[in-house]
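Please model the complete structure; the sequences and the hints are all you need to start from.
Chains as they are written, first to last, in the numbering used here: chain A, 164 to 323; chain B, 23 to 228.
Keep in mind that the hints were calculated from the coordinates and are not lab data. Computed from a predicted structure; not experimentally measured. We put the beta carbon where it would ideally sit given N, CA and C, even for glycine. Possibly wrong hints are sitting among the right ones.
[What the hints assert, rightly or not] The calculated label-pair distances, taken between Cβ atoms and stated as ranges, are: (1) B/P87 <-> A/A294: 14 to 22 Å; (2) A/R284 <-> B/G201: 27 to 35 Å; (3) B/F41 <-> A/L313: 18 to 26 Å; (4) B/F182 <-> A/G314: 53 to 61 Å.
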Amino acid sequence: MPYRRLIQLALIVAVPKFAGAQFTTFIPPRTPSSDSAKAAIVATERAREDSVVKAQLANMKTWVDSAAGLPPAPKSPNPAVDSIARLPARKDSVARPRPPADSIGGEVMTTSRTDTALETRGLTAPETASALPLVAITGAGLLLIGGVLLGTVRPSRNRA
Amino acid sequence: MRKPIGYIFFLAGALLLSFSFGRYVSGALDADRARAAWESAEAKSTLALARSATQRTGAREALAPGAPVARLVIPRLALDEIVLEGVGDDQLNAEPGHMSGTAFPGERGNSVVSAHRDRHFNHLDAISVGDTITTESGTVKTTWVVVGKRIVGKNEPALFPATDPTLTLTTCWPIRYIGPAPERLIVTAKPLAAPANRSGQVASTN
Numbered sequence: 164m165p166y167r168r169l170i171q172l173a174l175i176v177a178v179p180k181f182a183g184a185q186f187t188t189f190i191p192p193r194t195p196s197s198d199s200a201k202a203a204i205v206a207t208e209r210a211r212e213d214s215v216v217k218a219q220l221a222n223m224k225t226w227v228d229s230a231a232g233l234p235p236a237p238k239s240p241n242p243a244v245d246s247i248a249r250l251p252a253r254k255d256s257v258a259r260p261r262p263p264a265d266s267i268g269g270e271v272m273t274t275s276r277t278d279t280a281l282e283t284r285g286l287t288a289p290e291t292a293s294a295l296p297l298v299a300i301t302g303a304g305l306l307l308i309g310g311v312l313l314g315t316v317r318p319s320r321n322r323a
Numbered sequence: 023m024r025k026p027i028g029y030i031f032f033l034a035g036a037l038l039l040s041f042s043f044g045r046y047v048s049g050a051l052d053a054d055r056a057r058a059a060w061e062s063a064e065a066k067s068t069l070a071l072a073r074s075a076t077q078r079t080g081a082r083e084a085l086a087p088g089a090p091v092a093r094l095v096i097p098r099l100a101l102d103e104i105v106l107e108g109v110g111d112d113q114l115n116a117e118p119g120h121m122s123g124t125a126f127p128g129e130r131g132n133s134v135v136s137a138h139r140d141r142h143f144n145h146l147d148a149i150s151v152g153d154t155i156t157t158e159s160g161t162v163k164t165t166w167v168v169v170g171k172r173i174v175g176k177n178e179p180a181l182f183p184a185t186d187p188t189l190t191l192t193t194c195w196p197i198r199y200i201g202p203a204p205e206r207l208i209v210t211a212k213p214l215a216a217p218a219n220r221s222g223q224v225a226s227t228n
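Here you go:
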């Protein structure tokens, strides 16, 4: 009876196909509690109890630390270590705005002011008055007077 | 009585003369040392200044007083001196001094260089508007043209911040004055051409 087997085979293949055409997939509506805080609390409680999720969270923390460039936490039995102490000195992650630059004849120069010592109301010029000339002239004068007084230097006299 | 007074005068005069002579000699020796340091440590200073220029933060790392920071050439005065950091007695006794906190020659801002009127700037009164000045500071060689020359009182504000590269030379006035000078000579210069690097080529940012 090969034709009976063929009919059975055709039914096996065709009936589910026709039946599937008659039924659509049933998607139950989402319960309103799924987005609520209660659901989140329940999920958190489950995650605490679920060792697998706990391990994933621990790995996530390690991954975040490694991505941030932090050294791994010491695996000591006493975890009471100042976590700030192992933070490496890093630059501020907030990018500092670069001062605007402009060009003078091809040389890019910053507009940030470098003459910070000068104030807008102005400064007086540095004290460049040297006392050395006065000291030298005074010394020469004293030397001359001393020489005259000692008689080693005779002032010229006009004998008219 | 005459001889003891003569000895006192003679001794005091000799001391004052030897003191001033010693200061001049020590200044000359310091100037020689500064030039040698400028020439030997040229690469280091070039790197340091280049680094400070690239930081472009506006805040400058403080240089040690007495460190050579630039070379100042004024052809009109036949002046070729090394500029030291600071305008203290020791720096000005040796070389012209760069006022700390002001811009380096060639950088944006007002760069103030001062010197004694009886030493390196003893002929600064001969400079005229239109004369050229050359400075070398780090990698930047700048040619300046004198655009102003004025005399102000010693207590009168004369140094102001600038938004563009400016070179200001100051010394006491009158130049031939004996004793504390009551005024200051202020010479202002602006870049004549674009700042060039040490090979004489215009610096670029490529």
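Do the hints match the structure? See the list:
Look at B/P87 against A/A294: about 20 Å separates their beta carbons, and that is inside 14 to 22 Å. At about 29 Å, the beta-carbon gap between A/R284 and B/G201 stays in the expected band of 27 to 35 Å. For the hinted restraint 18 to 26 Å between B/F41 and A/L313, the CB-CB distance of approximately 21 Å keeps it satisfied. Distance hint check: the CB atoms of B/F182 and A/G314 are about 59 Å apart, consistent with the given range 53 to 61 Å.
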